[in-house]
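Here the sequence shown stands for residues 17 to 114, where the numbers follow my numbering.
Careful: at least some of the hints might be erroneous.
Unchecked claim - Calculated pairs, DSS-like style, for lysine-lysine (alpha carbon to alpha carbon, straight line, at most 25 Å):
hint, residue 1, residue 2
1, Lys-18, Lys-92
2, Lys-18, Lys-40
3, Lys-45, Lys-18
4, Lys-56, Lys-46
5, Lys-45, Lys-56
The set of hints was computed from the structure by calculation and includes no laboratory data.
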Amino acid sequence: MKIIWSPLAVDRVSEIAEYIALDKPPAAKKWVDAVFNSVKRLEQLPESERIIPEIQLENFREIIFGNYRIIYRIDKNQVSILTVRNSTQILPIDEILA
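The task is simple: from the sequences and hints, build the whole structure.
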């Protein structure tokens, strides 16, 4: 499966990394690398993660990554990374169904 990152997801990863870098720049790079490695597994096992509870649609799933949720959609031959959110934040449904 091909992995496609939405502009929103890329922006969110950048924002989070910038925040982490305020205190620990090396930790920010390590965090970003770990996010991308976590997502890379989806190339082989896209359905291995849980269905998003708020939506309950089979093709919308999430990776729980530390304090973050990596939200993605499975399509025919690709996985679209839609957004990355802090797990304490409410997930706006329109942000992922748009």
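Here is how each hint holds up against the structure:
1. Lys-18 with Lys-92: holds (10 Å)
2. Lys-18 with Lys-40: violated (32 Å)
3. Lys-45 with Lys-18: holds (24 Å)
4. Lys-56 with Lys-46: holds (15 Å)
5. Lys-45 with Lys-56: holds (17 Å)
Hint 2 alone, counting from the list given before, is not met by this structure.
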